[in-house]
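K.L.:
Respectively, the protein sequence lines represent chains Y and D. Quick note, the first sequence lines up with residues 1 to 116 if you use the working numbering. Quick note, the second sequence lines up with residues 1 to 113 if you use the working numbering.
Calculated directly from the structure, the hints in this document are not laboratory data. What you are looking at is a predicted structure, and each value in this text was computed from that prediction instead of being measured.
If you anchor each label on the Cβ, the simulated ranges turn out as follows:
#1 Gly-53(Y) x Pro-7(D): 40 to 46 Å
#2 Gly-100(Y) x Asp-8(D): 32 to 38 Å
#3 Asp-99(D) x Gly-16(Y): 31 to 37 Å
#4 Thr-5(D) x Glu-59(Y): 16 to 22 Å
Using N, Cα and C, we set each Cβ at its ideal position, and we do this for glycine too.
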Amino acid sequence: GAVVSQHPSWVICKSGTSVKIECRSLDFQATTMFWYRQFPKQSLMLMATSNEGSKATYEQGVEKDKFLINHASLTLSTLTVTSAHPEDSSFYICSARALGQTYGYTFGSGTRLTVV
Amino acid sequence: AQSVTQPDIHITVSEGASLELRCNYSYGATPYLFWYVQSPGQGLQLLLKYFSGDTLVQGIKGFEAEFKRSQSSFNLRKPSVHWSDAAEYFCAVAIYNTDKLIFGTGTRLQVFP
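Next up, chain Y with everything else stripped away, as it sits in the complex (with noise of 0.2 Å):
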């Protein structure tokens, strides 16, 4: 079955230091992925989606100078959170779905980011 993989699976990192988070679909070609952010105990909401080799389409409210997409090949796409801030833990996830597939989403595990 469909595979993704979501690297680091949690990080620590220092208030104003950048941090990347992968997702890579391992048996199949993602030209689309989504972003999720999810706060504890609570729904995800979805902060961007990319598609491969173009620019990422971000949501209402959410800073695309802060959370950096690249969706540089069928099978990776980085999230960076830049200049990261505490209120910037959360848990991160990304989900993948291959060509042709609509509504066929594959999730990754998720990141839980920390920052301190």
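With the hints as your guide, set chain D onto chain Y.
P.N.:
Same frame as chain Y, now just chain D:
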């Protein structure tokens, strides 16, 4: 605007008991509906989905869900719960004409032995 409501934040059941998790949606046309399960610190796993056709949908791990248009509901059921079913369950609807999902707030299931 489309939305998904999961009225129950937290449900506790005994192992072996039946389970029903509620999901209500707001949508003008026939919705594309999903149920996902999330174990602590993990991503989401698809349990089942409904696009059209038979309104009773069978999923993995013994789960099923029934689409009821008259009630705008898509409740998840399982006849006999196992301790390993303890997790967070999310109902989701696809946004019309896009491939984005809107998630409900989730229901945390606790299973007692």
